[in-house]
Amino acid sequence: MNKQILKILLVMILALVQIALLPLLSIGDVWPNLVLILALILVFWHFEPDGFLVGGLGGLILDLASPLNFGLHTLFILGLLFLNKFFVRHYLTELNFLSIAALAALNDVFYNFVFNLFFKNNSYFALLIVFGYGMFVG
Numbered sequence: 001m002n003k004q005i006l007k008i009l010l011v012m013i014l015a016l017v018q019i020a021l022l023p024l025l026s027i028g029d030v031w032p033n034l035v036l037i038l039a040l041i042l043v044f045w046h047f048e049p050d051g052f053l054v055g056g057l058g059g060l061i062l063d064l065a066s067p068l069n070f071g072l073h074t075l076f077i078l079g080l081l082f083l084n085k086f087f088v089r090h091y092l093t094e095l096n097f098l099s100i101a102a103l104a105a106l107n108d109v110f111y112n113f114v115f116n117l118f119f120k121n122n123s124y125f126a127l128l129i130v131f132g133y134g135m136f137v138g
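Number 138 marks the last residue of the sequence shown (our numbering); no jumps.
These are computed hints drawn from the structure, not numbers from a lab.
Misleading hints may appear alongside valid ones.
[What the hints assert, rightly or not] List of simulated lysine to any residue pairs, SDA-like, C-alpha gap at most 25 angstroms:
#1 Lys-85 with Tyr-111
#2 Lys-85 with Leu-72
#3 Lys-7 with Phe-113
#4 Lys-7 with Phe-119
#5 Lys-85 with Leu-60
#6 Lys-85 with Leu-25
#7 Lys-7 with Phe-47
#8 Lys-3 with Phe-70
#9 Lys-85 with Leu-75
#10 Lys-85 with Gln-4
#11 Lys-3 with Trp-31
#12 Lys-3 with Tyr-91
#13 Lys-85 with Pro-67
#14 Lys-85 with Trp-31
#15 Lys-7 with Gly-71
#16 Lys-7 with Asp-50
#17 Lys-3 with Pro-49
#18 Lys-85 with Ile-27
#19 Lys-7 with Phe-76
#20 Lys-3 with Ser-26
#21 Lys-85 with Leu-95
#22 Lys-7 with Tyr-91
#23 Lys-7 with Asn-116
#24 Lys-85 with Pro-23
#25 Lys-7 with Leu-117
#26 Lys-85 with Glu-48
#27 Lys-7 with Ile-27
#28 Lys-3 with His-46
#29 Lys-85 with Ser-26
#30 Lys-3 with Pro-67
[Said to hold, decoys possible] Ranges of calculated distance between the beta carbons of each label pair, as one might list FRET restraints:
#31 Lys-7 with Phe-118: 29 to 35 angstroms
#32 Leu-78 with Ile-27: 38 to 44 angstroms
#33 Leu-117 with Phe-82: 18 to 24 angstroms
#34 His-90 with Leu-68: 17 to 23 angstroms
Treat the numbers as computed from the prediction; the structure is a model and nothing was measured.
The beta carbon of each residue, even a glycine, is placed where N, CA and C say it ideally should be.
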């Protein structure tokens, strides 16, 4: 029981640090998602229930502080966790620290790319649509 409470408090602290402090250190409106990184590390070390607890609870806390539609962070984090769980179980036989760090960084870059491209109010998405339309038509 005490371990579960400690995990929940750790997730809340990480989410609050991510919401309050990391935007101050952002570069181009991008900063690391600590909740996603911790959840991925737990999934990679085969602590799946703890990883999904961290991802679900942390995603809900991020959704509460986000101006986007409720549930996007949670859905995206849990989706990435399921994909990585499948990838690790079926394709990676041996994980070391470097491969875990590389996969966590790659997932974080993908997470930030998708959220900045599709869910933020910017012109990159319109540029991508125009470019893609021009490639197929022209």
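Tested hints:
1. Restraint check for Lys-85 and Tyr-111: satisfied, since their Cα atoms lie roughly 16 angstroms apart, inside the 25 angstroms limit.
2. Proposed proximity of Lys-85 and Leu-72 is supported: the alpha carbons are some 20 angstroms apart, at most 25 angstroms.
3. Between the alpha carbons of Lys-7 and Phe-113 the distance comes to roughly 28 angstroms, so the proposed pair goes past 25 angstroms and is violated.
4. At roughly 29 angstroms between alpha-carbon atoms, Lys-7 and Phe-119 are farther apart than 25 angstroms, so this suggested pair is violated.
5. Note on Lys-85 and Leu-60: the hinted pairing holds, with a Cα-Cα distance of about 20 angstroms set against a maximum of 25 angstroms.
6. Pair hint Lys-85 plus Leu-25 does not hold up; C-alpha atoms about 30 angstroms apart against a cutoff of 25 angstroms.
7. For the given pair, Lys-7 sits about 12 angstroms from Phe-47 by alpha-carbon distance, which is consistent with the 25 angstroms threshold.
8. The hinted pair formed by Lys-3 and Phe-70 fails the criterion: a straight-line CA distance of about 28 angstroms is larger than 25 angstroms.
9. Distance check on the hinted pair: Lys-85 and Leu-75 sit about 15 angstroms apart at the alpha-carbon level, within 25 angstroms; holds.
10. Restraint check for Lys-85 and Gln-4: satisfied, since their Cα atoms lie roughly 22 angstroms apart, inside the 25 angstroms limit.
11. Between the alpha carbons of Lys-3 and Trp-31 the distance comes to roughly 29 angstroms, so the proposed pair goes past 25 angstroms and is violated.
12. Only pairs whose Cα atoms come within 25 angstroms are accepted, and Lys-3 paired with Tyr-91 is rejected, the gap being roughly 31 angstroms.
13. Distance check on the hinted pair: Lys-85 and Pro-67 sit about 29 angstroms apart at the alpha-carbon level, beyond 25 angstroms; violated.
14. Under the criterion of a C-alpha separation no larger than 25 angstroms, the hint pairing Lys-85 with Trp-31 is consistent with the structure, at around 24 angstroms.
15. A C-alpha spacing of about 21 angstroms is found between Lys-7 and Gly-71, which places the hinted pair at or below 25 angstroms, so the restraint holds.
16. For the hint linking Lys-7 to Asp-50, the alpha-carbon distance of about 8 angstroms falls within 25 angstroms, and the restraint holds.
17. Between the alpha carbons of Lys-3 and Pro-49 the distance comes to roughly 13 angstroms, so the proposed pair stays at or under 25 angstroms and holds.
18. As the CA atoms of Lys-85 and Ile-27 are separated by approximately 30 angstroms, the hinted pair breaks the 25 angstroms bound.
19. Under the criterion of a C-alpha separation no larger than 25 angstroms, the hint pairing Lys-7 with Phe-76 is consistent with the structure, at around 21 angstroms.
20. Distance hint between Lys-3 and Ser-26 is unfulfilled; the C-alpha atoms sit about 32 angstroms from each other, more than 25 angstroms.
21. Proposed proximity of Lys-85 and Leu-95 is supported: the alpha carbons are some 13 angstroms apart, at most 25 angstroms.
22. Pair hint Lys-7 plus Tyr-91 does not hold up; C-alpha atoms about 29 angstroms apart against a cutoff of 25 angstroms.
23. A C-alpha spacing of about 29 angstroms is found between Lys-7 and Asn-116, which places the hinted pair above 25 angstroms, so the restraint is violated.
24. Our distance criterion of 25 angstroms between C-alpha atoms is broken by Lys-85 and Pro-23, whose separation comes to about 29 angstroms.
25. For the suggested pair Lys-7 and Leu-117, the alpha carbons sit about 32 angstroms apart, so the restraint of at most 25 angstroms is broken.
26. Distance restraint check for Lys-85 and Glu-48: the Cα-Cα separation of roughly 8 angstroms lies within the 25 angstroms cut-off, and the hinted pair is therefore satisfied.
27. Simply put, Lys-7 and Ile-27 have alpha-carbon atoms about 29 angstroms apart, too far for the 25 angstroms limit, and the pair is violated.
28. Distance check on the hinted pair: Lys-3 and His-46 sit about 17 angstroms apart at the alpha-carbon level, within 25 angstroms; holds.
29. About 29 angstroms separates the Cα atoms of Lys-85 and Ser-26, which puts this hinted pair outside 25 angstroms; it is violated.
30. In summary, the hint linking Lys-3 to Pro-67 is not supported, as the alpha carbons are separated by about 32 angstroms, beyond the 25 angstroms threshold.
31. Range check, Lys-7 to Phe-118: Cβ separation about 31 angstroms, and the 29 to 35 angstroms hint holds.
32. Between Leu-78 and Ile-27 the beta carbon distance is about 27 angstroms. The supplied range of 38 to 44 angstroms is therefore violated.
33. In this structure the supplied range 18 to 24 angstroms holds for Leu-117 paired with Phe-82, their Cβ-Cβ distance being about 21 angstroms.
34. The supplied range of 17 to 23 angstroms is broken by His-90 and Leu-68, whose beta-carbon atoms lie about 32 angstroms from each other.
Checked against the numbered hints above, the structure violates hints 3, 4, 6, 8, 11, 12, 13, 18, 20, 22, 23, 24, 25, 27, 29, 30, 32, 34; every other hint is satisfied.
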